[in-house]
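Participant: Listed below, chain by chain, are the residues.
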Amino acid sequence: MKNILEGSRAIALTIKNINPAVVSAYPITPQTHIVEDLAKFKADGEADYEYARAESEFAAASIVLGASATGVRTYTATCSQGLLLMAEVVYNIAGMRLPIVMTCANRAVSAPINIWNDQQDVMSVRDAGWIMFFAENHQETVDQHIMAYKIAEKLKLPVMVNVDGFVLTHTYEPVEIPTREQIKKYLPDYKSTKGEFLDPNNPVTMGAFATPADYMEIREELHNDLIASKKIIDEEYKKFNKFFKQTVNGQQSTVNSPFLEYTGPSNPKVILVAMGSVIGTIKETVSEMNNIKSLAANLMREKIGILKIKIYRPFPAEEILKIIGKAKYVAVIDKSISLGQIGILASDIKAAAQGKINSKIQSFIVGLGGRDVTKEMVKKIIREVKTNGDEVKFIGK
Amino acid sequence: MFQIRIHGRGGQGVVTAAELIAIAAFKDGKIAQAFPYFGVERTGAPIEAYARLSDQVIQTRERVYNPDILIIVDSTLIGTLDMTSDCDRNTKIVINSAQDKKDIKINFPKENIFTIDATKIALEIFGKNLSNTVILGAFAKDTGLITLKGLEAAIREKFADKGKEIIEKNIKAIDKAYNN
Chain L
1 MKNILEGSRA IALTIKNINP AVVSAYPITP QTHIVEDLAK FKADGEADYE
51 YARAESEFAA ASIVLGASAT GVRTYTATCS QGLLLMAEVV YNIAGMRLPI
101 VMTCANRAVS APINIWNDQQ DVMSVRDAGW IMFFAENHQE TVDQHIMAYK
151 IAEKLKLPVM VNVDGFVLTH TYEPVEIPTR EQIKKYLPDY KSTKGEFLDP
201 NNPVTMGAFA TPADYMEIRE ELHNDLIASK KIIDEEYKKF NKFFKQTVNG
251 QQSTVNSPFL EYTGPSNPKV ILVAMGSVIG TIKETVSEMN NIKSLAANLM
301 REKIGILKIK IYRPFPAEEI LKIIGKAKYV AVIDKSISLG QIGILASDIK
351 AAAQGKINSK IQSFIVGLGG RDVTKEMVKK IIREVKTNGD EVKFIGK
Chain X
1001 MFQIRIHGRG GQGVVTAAEL IAIAAFKDGK IAQAFPYFGV ERTGAPIEAY
1051 ARLSDQVIQT RERVYNPDIL IIVDSTLIGT LDMTSDCDRN TKIVINSAQD
1101 KKDIKINFPK ENIFTIDATK IALEIFGKNL SNTVILGAFA KDTGLITLKG
1151 LEAAIREKFA DKGKEIIEKN IKAIDKAYNN
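Same order as they appear, the protein sequences are chains L and X. Take the first sequence: its letters are residues 1 to 397, numbered as in the working numbering. Take the second sequence: its letters are residues 1001 to 1180, numbered as in the working numbering.
Hints may contain errors.
Stated by the list, open to error - With a Cα cut of at most 25 Å, we get these calculated DMTMM-like pairs of lysine to aspartate or glutamate: (1) L:Lys375 <-> X:Asp1055; (2) X:Lys1164 <-> L:Asp37; (3) X:Lys1158 <-> L:Asp44; (4) X:Lys1149 <-> X:Glu1168; (5) X:Lys1120 <-> X:Asp1100; (6) X:Lys1162 <-> L:Glu36; (7) X:Lys1101 <-> X:Asp1088; (8) X:Lys1162 <-> L:Asp37.
If you're looking for bench data, these hints aren't it; they were derived computationally from the structure.
Construct the entire structure; sequences and hints are all you get.
Facilitator: Listed below in structure tokens is the structure:
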């Protein structure tokens, strides 16, 4: 049954129904409502998990690392400065192959101090070895959290679910939260593998020292496992869609996979690529063109395609190229930037496209530090990408 | 789609009001969205919140720039903050004010201005100026976008943790504003 909920509450209710054994977090705006709700569920006797209050994000990440190493399901959430403080542990979690799921309520990074949304925070740990989801709306957020646990526990890899801070965490909209029973059918209780967790009966060392003789192969193996995870992710996505039919996501799309969603014609002139909630604004901008109030009709008429990246790591390079290769102009819309370079998703796509497709790929930066991304800005990007020049452009007005 | 923008000050329940509109519309069978624009939360600072109501999925996340309905919870903002320059002449404005609408210093067609002395009703019922729910009773009546029944259900759900007394007082307040 659908209900109208704040995004943070939708996440908290989903985590409650996923039933982790240990939750640890340190509050930080705009993630706070999630962990407050989880603490309240516990205090009200509605949840069984251990709720470990931490003295910092570094401690929260360390607590879930330790708990996960003992072979139980865990959860944490953070963003921005909190994620930066966790960074050392974030790398360790991936290196130790711990199936931790974390929500990042994406927010700008200081200085200047800013509590509002962009996606710079997650980009600081994009190379750590986590699988990274990005959600467009509440339903996708809920669905991705459930899938995240299944994928993490199957692959022994951590998963981060990125939700735009405030834009999703503080918005009320209709969403369906599967019950604990429904989730359990898809996501059975977590059982860690013998010999791969801290067990007094089977002592092991985790996160051990590796000399130059071994370190490189261990890192290569982690990389290869992330690349190979695509097959399992794809299988789990299909299974998920069989179990849960409530989702409205991807209804209008022409291509829909766990990695991306493409909405538009097969012969687009322009493709707009983005991650997260801004996709909704892009879709509505195109819907309203020509006074005909139809996304499908306008996409055809304007020869525009909209490409949503749902999984950023492992990077779905081949799938992306297959779609954008048909377009003359590709606008990659980032809410983050590698300062001194270009938008970070744009940079990845340009690297993947090198020598393989002929489309012009241009980087556009929007929404830094909570700057509202308006329909006018989306229209401006559509105009700009069709002009000469491919330098990075900040679209702030 | 109908777009609503609410102006008030931090601490006056502006965000809650937007959320109540969305919940009420959802209870009425519509699709709804509500979200705030926070400054860093400071009591007394101007604050905005938004709601959208539609029969179809609402995808846009941009703030509301051309509201169909403008709600002003705190009339002391009039003259200090430009709230109407992006409104068109059909925008309806619901204002919490004891003044007659002809005396409100806002340059706008008077037939589209609706006033309700929500502060007076709030003081009578709560003993303090909690006018955010009160004004929604007037909003329901003046715009017809949400039903009183939907609003009641929204209050019961949103204030479930606050206890029966607060819920009943709020329902009394919206009834009074609706039938004002």
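Participant: Provide an ascending list of the numbers of those earlier hints which the structure does not satisfy.
Facilitator: When the structure is compared with the hints, none of them turns out to be violated.
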